[in-house]
Amino acid sequence: MEKRFQITDQMTNNQSTELLFEMSHTGRRCHRLPECDVPEIFNLPEKEAADNPPPLPEVGEIDLIRHFVNLSKRNMSIDTNFYPLGSCTMKYNPKRHERLGALPGMANVHPLQLDASCQGMLQILWEMQNILGEIAGLDAVSLQPAAGAQGELTALLVAAAYFRAKNEQRTKVLIPDSAHGTNPASAAIAGFDTIDIKSNDKGLVDLADLKAKLDERVAVFMITNPNTLGLFDTQIADITRLLHDKGALVYLDGANMNAIVGVTRPGDFGADMMHYNVHKTFTGPHGAGGPGSGPIAVRSFLAPFLPAPLVAKDGDRFCLDYDRPKSIGRVRSFFGNVGILLRGYFYIRTLGPDGLRAMTQNAVLNANYLLARIKSGYEVPHGQRCMHEFVASARALKREKRISAMDIAKRLLDFGYHAPTVYFPLVVPEAIMIEPTETESKETLDAFADTLLRIREEDAEFLHQSPHALSISRPDEIKAAKEPILRWKP
Amino acid sequence: MSYILNTADDQKAMLQAVGARSLDDLFYNIPEELRLNRPLKVPEALAEMELQLLVAELAQKNQVDDKAVCFLGGGSYDHFIPTVVDAVASRSEYYTAYTPYQAEASQGSLQAFFEYQTLICQLTGLDVANASLYEGGSAVAESVLMAHSIHQNRTKVLIAESVHPEYRQVLQTYSANLPLQVQTLPTPDGFLDPDDLKKHLDENTLCVIVQHPNFFGCLEEVEAVGKLTKASGALYVVSFDPISLGLLKRPGQYGADIAVAEGQCLGNPMVYGGPYLGIMACREEYVRKMPGRLVGQTVDRNGKRCWVLTLQTREQHIRRAKATSNICTNQGLFALRAAVYLAALGPQGLRETAELCIRKARYAVEELCIPGAKPRFARNFFKEFTLRVSKNVPQLLEQLRNSGYHAGLHLGRWYPSLSNCITIAVTEKRTRAEIDEFAAAWRNAFK
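First to last, the sequence lines map onto chains A and V.
275 is the number that the working numbering gives to position 275 of the first sequence; each next residue is one higher, with no gaps.
With the second sequence counted from 1, adding 1000 to any position gets you the working numbering.
Read the hints as simulated data drawn from the structure, not as lab findings.
Note that this is a predicted model, so its numbers are computed, not measured.
Be aware that one or more of the hints could be misleading.
Below, in silico cross-link-like pairs of lysine-lysine (BS3-like), each with a Cα-Cα straight-line distance of 27 Å or less [to be verified]:
| id | chain 1 | residue 1 | chain 2 | residue 2 |
| --- | --- | --- | --- | --- |
| 1 | A | 489 | V | 1304 |
| 2 | A | 95 | V | 1199 |
| 3 | V | 1322 | A | 213 |
| 4 | A | 47 | V | 1374 |
| 5 | A | 479 | V | 1304 |
| 6 | V | 1227 | V | 1199 |
| 7 | V | 1447 | V | 1374 |
| 8 | A | 95 | V | 1041 |
Every beta carbon over 10 Å from chain A, so not counted as near; a handful from chain V, in silico [unchecked claim]:
| id | residue |
| --- | --- |
| 9 | 1099 |
| 10 | 1156 |
| 11 | 1193 |
| 12 | 1232 |
| 13 | 1372 |
| 14 | 1391 |
All C-beta atoms, glycine included, are put in the ideal place defined by N, C-alpha and C.
Can you build the whole structure from these sequences, using the hints too?
Rendered as structure tokens:
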């Protein structure tokens, strides 16, 4: 057994899974510093100084590089594999963005430089505010939030401040049961009680349930549209009317903007505020978990409450506007996740208006094509058509052949595909959520569909043991949680 | 259409397979009256060469490097970034992956994050670290949310005025609608006086927050503050400067329960404020209240050591409204960069970096103290210090900028009583020649 897996490791080019700390060798080092060129010698008082520097590992440069390069080969990524992770919009991240973002005139700007010394940066950010406002169909934009979840929180704090200014006691936020978990988590931090709204048999908002739970205590309805099932809620105009009639606000979770950019605008279908995920829709590399960037756009009556600063234009000069007395304050230090905003700006400037619309059309085309290719083998509970993603279900497979969504996900890895999102959204049993994005070709989609259809015919026991071709298989997650080992110890 | 591969023929075949008549027909579910029937008002498409010219021209308008030597700090610093950091982080196997939900396909990121967590534990002297938060300010706010879930019946948060003003503002914003009272303790002498703290501590105190070194650059009385805080039963939260730990005692050594930091200084570019790295570490007993991703070691079905995301029942995708935090996407790539940075420096490199910072900062103080410019606080400092000047500060900063220096922060922006003060940062990257020339321009400005 042991020998077989050594061979597997070599086959997949994984030389070492040694930890940095196990490679440490006293006296080795990678980075050297220059001799001190100033005469001052200063010893900190004993009570301030540590006896020894932190016990970090000691490794040489080639060891360090080999270690991290070999580790990188144990990842799937967009650049190496088709990565149809639903809800995450894993589209190609253009290489030009990395070069332009690393220009010293961008990367080396200090966040507290005087405005006059960073006019180029401020111009880009000012344009980005305007562009995101236009795409949203909303009036004002804050680029500050660091990620989508922080954008949600920021917008809910804006809503709370708005109702406080109007002297209205609104304590509730309504959230469809198909929503991302960040929605209720953000609402809780913003001080609201969260109430689930059921989905109907079409996977859309259950209007009767919404009406039953809607009253004058509701501050915000958070809707993801298209929703996490990949369906555009055709009732959206009715929904926003219902909310507005009760004086409540409609929030759009913009996680799925890749399905609608240039085709319809949240402001036009009644949303009062929304967040973007610039890293998804506009290609910030996802960085193995982050960074993201989660700007929010709002209607003009909410603009006074946005976090400060915003970028303003005064004649031909750009400046940061901190003079916002009704502002909620700020949700992070400094301006925002500028590196990701820059990449979003580069992308939008590369695509232009026609390119942005083509992006959306092809994202939706690719998802629909993939849906059409696999529906002979997989149940797709909510519809024959979708927007930019769809949710298949392994419920029947599980019942008939004991093949679960997880089995399919793990087996896909053997074929060099990153798995789709599984077991989300919660409203679909054995969910397999697939988002191909517009940057994939028909050939890639065909090959992936063929693989999915082939897997469902495989032996269940074989699938339970998959993946078979990767360096590890089915980690013991229960052990990891029951006896947590969260750091290396000597 | 640079990144779209579907040709007209492909589209035709695909539409046919779908059963749609046209691309527009794909959007049949969007009511006609809600559709945008015009092109978006955004600039026309640019080819790569055009885009590069545009961006290069805009970059020229930003005064950096040889156009202005940086003595700015306040949470973002011009430290040196070793080439190995960029070499590793530019591996697109890392930067074009996402959250490691599928462990088998993500062992690279998972092991790197486990190593990051360990390095942060070694750095801070604490037991566990998470796999990153957004940045230093929201990390302070998250530490208070975490403290509140540990001590649910305590509601008073004491924070020193010497903590970064933007971090304090973030805390105010995050806690605006929660049952918490945030009380700011004045620091007139440039640090939180333990005797003053004692007067405010009581059974309702949830936590005490200090920053060490603080926003003025001064060292705090971290041990005395820790003892008093412990005695009151409150949690001790410290915001630290990672580079300073090459020399200073570690948060775990002076009793911190939760330590947070801005990790930009660990190999990350300044890029006008982000993306940066929120660091958080804590004592083991609080791990189940921690926000954010955690990577744990386990074995696979063949008994082989491997890594997974763990203790996920804390998180929003499982616990929803009851989660310890709303964070989902974090700053993974910057945690990787910090891990490479710390491993590249090692213990000696980190100590030497810290020594260079402190020695050069002390040299700069000597050179910049002239008639009309004196230290504002009689405290030890690390790489930043605050001077009181006889000149109008905005005018002085503008004049020095025109001479090619980002000279420092105008403290009056955040502290009206310190409107005649400038805080100046000196990293290991500043050469003696740069400091000497800056001092000459500074003296000239005071003539």
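Hints, verified against the model:
no.: 1; hint: 489/A to 1304/V; in the structure: holds, 18 Å
no.: 2; hint: 95/A to 1199/V; in the structure: violated, 57 Å
no.: 3; hint: 1322/V to 213/A; in the structure: holds, 21 Å
no.: 4; hint: 47/A to 1374/V; in the structure: holds, 26 Å
no.: 5; hint: 479/A to 1304/V; in the structure: holds, 13 Å
no.: 6; hint: 1227/V to 1199/V; in the structure: holds, 14 Å
no.: 7; hint: 1447/V to 1374/V; in the structure: holds, 16 Å
no.: 8; hint: 95/A to 1041/V; in the structure: holds, 26 Å
no.: 9; hint: 1099; in the structure: violated, 5 Å
no.: 10; hint: 1156; in the structure: holds, 18 Å
no.: 11; hint: 1193; in the structure: holds, 16 Å
no.: 12; hint: 1232; in the structure: holds, 22 Å
no.: 13; hint: 1372; in the structure: holds, 21 Å
no.: 14; hint: 1391; in the structure: holds, 16 Å
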